[in-house]
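Model the full assembly from the supplied sequences, consistent with the hints where possible.
Listed below, chain by chain, are the residues.
Number of protein chains: 4
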Amino acid sequence: MKITRLRSQLTYDGAALALEAAIAKAKAINAPENIAVVDSGGNLLAFARLDGARFLAQHSAYSKAQTAASLMMPTGQLGLQFGVDLALATGSRSINLPGGIPIIVDDVVIGAIGVSSGADPDDIAVAETRCWPD
Amino acid sequence: MKITRLRSQLTYDGAALALEAAIAKAKAINAPENIAVVDSGGNLLAFARLDGARFLAQHSAYSKAQTAASLMMPTGQLGLQFGVDLALATGSRSINLPGGIPIIVDDVVIGAIGVSSGADPDDIAVAETRCWPD
Amino acid sequence: MKITRLRSQLTYDGAALALEAAIAKAKAINAPENIAVVDSGGNLLAFARLDGARFLAQHSAYSKAQTAASLMMPTGQLGLQFGVDLALATGSRSINLPGGIPIIVDDVVIGAIGVSSGADPDDIAVAETRCWPD
Amino acid sequence: MKITRLRSQLTYDGAALALEAAIAKAKAINAPENIAVVDSGGNLLAFARLDGARFLAQHSAYSKAQTAASLMMPTGQLGLQFGVDLALATGSRSINLPGGIPIIVDDVVIGAIGVSSGADPDDIAVAETRCWPD
Numbered sequence: 009m010k011i012t013r014l015r016s017q018l019t020y021d022g023a024a025l026a027l028e029a030a031i032a033k034a035k036a037i038n039a040p041e042n043i044a045v046v047d048s049g050g051n052l053l054a055f056a057r058l059d060g061a062r063f064l065a066q067h068s069a070y071s072k073a074q075t076a077a078s079l080m081m082p083t084g085q086l087g088l089q090f091g092v093d094l095a096l097a098t099g100s101r102s103i104n105l106p107g108g109i110p111i112i113v114d115d116v117v118i119g120a121i122g123v124s125s126g127a128d129p130d131d132i133a134v135a136e137t138r139c140w141p142d
Numbered sequence: 009m010k011i012t013r014l015r016s017q018l019t020y021d022g023a024a025l026a027l028e029a030a031i032a033k034a035k036a037i038n039a040p041e042n043i044a045v046v047d048s049g050g051n052l053l054a055f056a057r058l059d060g061a062r063f064l065a066q067h068s069a070y071s072k073a074q075t076a077a078s079l080m081m082p083t084g085q086l087g088l089q090f091g092v093d094l095a096l097a098t099g100s101r102s103i104n105l106p107g108g109i110p111i112i113v114d115d116v117v118i119g120a121i122g123v124s125s126g127a128d129p130d131d132i133a134v135a136e137t138r139c140w141p142d
Numbered sequence: 009m010k011i012t013r014l015r016s017q018l019t020y021d022g023a024a025l026a027l028e029a030a031i032a033k034a035k036a037i038n039a040p041e042n043i044a045v046v047d048s049g050g051n052l053l054a055f056a057r058l059d060g061a062r063f064l065a066q067h068s069a070y071s072k073a074q075t076a077a078s079l080m081m082p083t084g085q086l087g088l089q090f091g092v093d094l095a096l097a098t099g100s101r102s103i104n105l106p107g108g109i110p111i112i113v114d115d116v117v118i119g120a121i122g123v124s125s126g127a128d129p130d131d132i133a134v135a136e137t138r139c140w141p142d
Numbered sequence: 009m010k011i012t013r014l015r016s017q018l019t020y021d022g023a024a025l026a027l028e029a030a031i032a033k034a035k036a037i038n039a040p041e042n043i044a045v046v047d048s049g050g051n052l053l054a055f056a057r058l059d060g061a062r063f064l065a066q067h068s069a070y071s072k073a074q075t076a077a078s079l080m081m082p083t084g085q086l087g088l089q090f091g092v093d094l095a096l097a098t099g100s101r102s103i104n105l106p107g108g109i110p111i112i113v114d115d116v117v118i119g120a121i122g123v124s125s126g127a128d129p130d131d132i133a134v135a136e137t138r139c140w141p142d
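Chains as they are written, first to last, in our numbering: chain S, 9 to 142; chain Y, 9 to 142; chain D, 9 to 142; chain L, 9 to 142.
Derived by calculation from the structure, the hints in this document are not laboratory data. The C-beta atom is built at its ideal place from N, Cα and C for all residues, glycine as well.
Computed cross-link-like contacts, BS3-like style, restricted to lysine-lysine with a CA-CA straight-line distance of at most 30 Å:
id, chain 1, residue 1, chain 2, residue 2
1, D, Lys35, S, Lys10
2, D, Lys10, S, Lys35
3, S, Lys10, Y, Lys35
4, D, Lys10, L, Lys35
5, D, Lys10, S, Lys10
What the simulated footprint calls covered on chain D by chain L, stretch by stretch (three residues with Cβ under 8 Å from a Cβ of chain L suffice, anywhere in the stretch; the number is not a length):
id, stretch
6, 67-81
7, 89-99
Not the full set, but computed from the structure, chain S residues with beta-carbon under 8 Å of chain Y:
id, residue
8, Gly49
9, Gly50
10, Ser78
11, Leu94
12, Thr98
13, Ser102
Written as structure tokens, this is what we have:
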């Protein structure tokens with residue numbers, strides 16, 4: 009029986025790198041966004057709200073990031089009822105909106121990014137920004 | 009008029025037994041789960057989050073257990089609107105997701121188990137694990 | 009710049025071992041307790057409420073565990089005002105009550121245990137139970 | 009009667025600059041911190057949680073920033089009872105802990121920074137980092 013296991017964790021520097029890449033993408037496609045980066049346990053590491061982004065979407069960006077980290081897959085793919093019930097059950101930490109993407113390194117989910125304010129394709133495009141060296 | 013009534017209550021030992029059986033089932037079907045056991049008043053008695061289980065599902069496992077104990081029947085069988093309204097009315101202690109099963113001994117609901125993280129059939133299979141002698 | 013770092017994490021088996029040791033101690037000193045074990049990010053891993061334990065203390069046991077994991081030191085040592093303000097600022101995830109102890113392996117805080125229901129010395133004694141091989 | 013007034017507002021670029029300066033200060037004094045920057049309406053603009061910072065302090069950093077923006081003065085200077093009552097009345101958006109500093113340009117409060125995780129002097133030193141050209 010092992011009481012500990014070694015896991016790779018996202019550093020602040022890594023989160024800042026992911027955030028910078030997402031900001032660059034958001035500017036490139038002219039989509040002012042809220043962008044949140046969390047670690048694998050759902051705690052906030054880095055955040056940006058660009059000028060013009062909807063202020064309430066600060067919450068949904070964070071929820072999307074937590075959801076993607078917990079589900080270990082992109083957000084927004086659940087059925088209506090399941091998504092609503094999960095949101096209710098988790099105090100809205102889980103949210104069934106597209107724009108949350110897990111950050112995966114060497115097949116391990118080390119965190120997630122959540123993007124909110126724009127149209128769905130914009131949120132997804134910004135969240136999917138490739139920010140890690142291969 | 010009687011001012012008291014005798015009720016059978018789930019002990020911690022009973023809850024631990026139910027939890028162990030559910031953990032064994034979860035491992036057997038390779039479904040990392042959050043598993044919560046509550047008493048008939050909905051208070052948490054025992055809990056486990058297995059390695060690899062989605063962390064936000066810690067909340068839904070507990071909500072499912074409370075819901076099953078309160079409804080005195082398996083969870084996830086309400087209509088969409090009724091389920092959402094009950095969740096809202098109860099501060100999400102009631103949730104309309106499958107995976108909550110009452111624990112019944114001698115026709116009395118003495119508690120419930122709630123399981124969350126996997127696909128619905130896995131959550132249900134783990135929650136339904138038979139853990140009591142006939 | 010490193011985007012990830014390797015960290016030791018508490019497994020469920022490790023959390024269950026810590027919980028079992030705390031339960032044994034609680035029984036040995038005849039102190040029915042709520043006992044919560046969290047990982048280093050504050051998410052619940054394992055929980056027990058022993059027969060006779062105060063049911064509202066399920067919440068304080070969890071808060072104590074989260075606080076010890078976050079502070080990376082035993083709980084209950086802050087001044088009155090600071091403790092109250094931190095509790096308010098964190099939605100009571102941080103609580104200034106003794107009975108929360110970080111779980112440290114090789115100088116790394118990998119989680120914490122929180123114990124609540126009894127007198128302070130009992131809560132502390134149960135939380136401090138040595139459960140790891142040297 | 010004027011139905012509009014011109015107000016200077018903190019941009020995301022300004023918030024990022026304040027955040028960077030605070031991060032540099034935190035690293036210089038070896039104080040891993042949570043750092044939040046809000047606009048004059050209390051909405052989050054930028055956030056960082058440095059490696060080693062206490063995760064629950066993500067909440068208090070944000071509360072401190074909101075409090076400083078609202079009070080238009082540094083946080084932590086209220087009496088105990090007043091501070092607690094304000095926290096309760098505001099759902100903990102207002103918090104009476106030092107480490108929140110308004111960002112003032114041309115005598116106008118355009119936002120605030122809140123810093124939390126370290127000892128009070130560290131939180132204050134990081135929050136007070138001068139980041140604007142004279």
